[in-house]
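Q: Could you build all of it, start to finish, from the sequences and the hints given here?
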Amino acid sequence: MTRSVIRVTLVIMVVSTCFVLLALGVGRLLNEDDIVYATYLNAYSDIYRMSPNRHLSVAITHNLTDNSAPTWSPDGQQIALISKYKGLSLVSVMDAFKGQSVTVTDAIADEYSPAWSPNGRYIAFLRLNDATTDLYATDLQQSTTRRLTSSLHTSYPPAWSPDGRYLTFAADINSKNSTDLFKMDFQTDTISPLLETPVQETFNTWSPDGHYVLYMVKGAVESIHLWDVHISTSVFLYQSDNFTSIPNWSPDSRFIIFSAIIPNGQDGLYRLNVNDCLQVPKLCKPELVTASYGFILGPRLRPRTS
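With the working numbering as the guide, the letters of the sequence shown map in order to residues 1 to 306.
These aren't lab readings, by the way, just hints derived from the structure by calculation. Careful: at least some of the hints might be erroneous.
Here are the simulated distance ranges between beta carbons [what the hints assert, rightly or not]:
| hint | residue 1 | residue 2 | range |
| --- | --- | --- | --- |
| 1 | A220 | K282 | 18 to 26 Å |
| 2 | K282 | N63 | 45 to 53 Å |
| 3 | A107 | D172 | 21 to 29 Å |
| 4 | N273 | D172 | 30 to 38 Å |
| 5 | G210 | N273 | 16 to 24 Å |
| 6 | P281 | Q100 | 39 to 47 Å |
| 7 | V221 | L41 | 22 to 30 Å |
| 8 | P281 | Q142 | 45 to 53 Å |
| 9 | T233 | D185 | 18 to 26 Å |
| 10 | Q187 | D228 | 17 to 25 Å |
| 11 | G210 | L41 | 30 to 38 Å |
Taking lysine-lysine pairs in the DSS-like style, the calculated list, with each CA pair at most 25 Å apart, reads [unchecked claim]:
| hint | residue 1 | residue 2 |
| --- | --- | --- |
| 12 | K218 | K176 |
| 13 | K218 | K183 |
| 14 | K218 | K285 |
| 15 | K98 | K86 |
| 16 | K218 | K282 |
| 17 | K84 | K98 |
Every residue, glycine too, gets a C-beta built ideally from N, C-alpha and C.
A: Structural data, given as C-alpha cells:
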C-alpha cells in the first residue's frame, strides 16, 4: 500500500514538473511572431502571448485583478500594460518572459493606453482627471511623470512617430462635437492639427517605416484609413462592423492586424496586406490568422530587433 502511494506521488510530481517545464518552454519558444494581447477567460482580464505560426498561446499574468492594454518595449524584452493597484488602473512594466510587473507612474488617478517611445525611455499614456482625459508621459530613466495636455474632454490613445519626435492622438480640441487627429512635438510640447475633417477620427498608429498613420473613423460602420505622411493625403483602406480591437502594424509595415467577430461567433485574428489593398481596393479582404474562444483585445506584434 505504501509503495503504491509513493509511486502515485512520484507520477504526479513528474507530470506536474513536465507541465511547468512545458509552460516555461512555450514562453521561451514564442519569438519574432509573438503577439501580445488581453482577454477575458474568467472574472479578470489577463495578458497572453500568442505564436500563431506554432498555434501556441500562454498567459503571462495570473493576478486576481484586471490586466489590459499590453504593448511591447522597442527591444521586445518588456511589456507595458495597465494593471489594477489599490483600486486604480495604472501603467506598469513587466518582463516579457518572467511576468513580474512594477508600477512606473506616480499613481494618483486612473490611467489608460500606454505607448512606448521608440528609444525606450518614455511611456505616454492617458490619465483621467475629473471629467477630462489628458496625455501624460513617464520618463523611465528619471522616474518622473509630466502632463502634456490640459482639459481635453475627449481623447484617444497616443501613438509615437517612429523617430520619437511626435505624439499623435485624436481629441476634441477645436470641436466639442467631434474628434480630429493632432500631433504634439515632444521636444517643444507644441500641438498642431494633423487631420481635420467633418467625420470623427479616433484611434491611430504609425507604420514602423514612417510612411503612414493608420487611423479609424467612427460611424455606423467603423473604417480604417491611411494618412500618407509623404504627400499629406488620406486614403480609405477597409471597413467592418465587427472590429473588436484597434488595428496595429506588423514590424515590416506590410500588414495590419486586428481582431473581429468571425461568422461562427468566435473572435478571430486577421491581417490585411496593405499594398494589395491599396493597389486593388475592391479585392481588399482580410486573412484569418487564428480563432479564439475569448476576445483578442489590443493585439500587438513583437518588434524585430535585428
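Q: Would you mind marking each hint as holding or not holding in the structure?
A: Here is what the structure says about each hint:
1. A220 - K282: 18 to 26 Å: Holds: the Cβ-Cβ distance is about 21 Å, inside 18 to 26 Å.
2. K282 - N63: 45 to 53 Å: 47 Å, holds
3. A107 - D172: 21 to 29 Å: 27 Å, holds
4. N273 - D172: 30 to 38 Å: 34 Å, holds
5. G210 - N273: 16 to 24 Å: 19 Å Cβ-Cβ, so the 16 to 24 Å window holds.
6. P281 - Q100: 39 to 47 Å: 46 Å, holds
7. V221 - L41: 22 to 30 Å: 29 Å, holds
8. P281 - Q142: 45 to 53 Å: 47 Å, holds
9. T233 - D185: 18 to 26 Å: 22 Å, holds
10. Q187 - D228: 17 to 25 Å: 24 Å, holds
11. G210 - L41: 30 to 38 Å: 37 Å, holds
12. K218 - K176: Roughly 15 Å separates the two Cα atoms, so the pair holds.
13. K218 - K183: Roughly 19 Å separates the two Cα atoms, so the pair holds.
14. K218 - K285: 20 Å, holds
15. K98 - K86: With a Cα-Cα distance of about 23 Å, the restraint between K98 and K86 holds, given a limit of 25 Å.
16. K218 - K282: 21 Å, holds
17. K84 - K98: Roughly 19 Å separates the two Cα atoms, so the pair holds.
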